[in-house]
Amino acid sequence: MRMDAIRGPDAGTLLIRALRGHASAAGLAMHVESIACTPWASATFVGTLHRLTIAAVPVPGLRDWIDGLPDAEFAMRGHIVADLSVDCVETIGDREHVTIAVLTLIDA
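In the numbering used here, the protein residues as written are 323 to 430.
Here are the in silico distance ranges between beta carbons for each label pair: (1) Asp416 - Pro361: 31 to 41 Å; (2) Thr413 - Ala365: 34 to 44 Å; (3) Val354 - Glu395: 14 to 24 Å; (4) Ala397 - Phe367: 16 to 26 Å; (5) Ile428 - Val379: 30 to 40 Å; (6) Phe367 - Gly415: 32 to 42 Å; (7) Asp429 - Pro382: 26 to 36 Å.
FYI, nobody ran anything at the bench for these hints, they're computed from the structure. No experiment lies behind these values; they were computed from the predicted model shown. The beta-carbon is built from N, C-alpha and C at its ideal position, and this holds for glycine as well.
With the hints as constraints, model all of the structure from the sequences given.
Quick look at the structure:
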């Protein structure tokens, strides 16, 4: 048996699932174009810094969803979202591309 099957999904996978669920609850569909995850630690916390690019068709409610991301609550087993910032929103073709930075911490 593979060890990752025993441990369960990593923080990046859980974050993508949480973002998709949050978008779906708002009636939106989104696709993660890219994700980069970097281990992060302070004197008291351990976690991961995620940088994601999300693509979505610009429909009513999308901009409100994007604007609400920094204050949103995300359910992630074993992790918490400590910080989320929307770094860039740009239109490329027929889609909005949103770059976000998310710090997740291990919730012990």
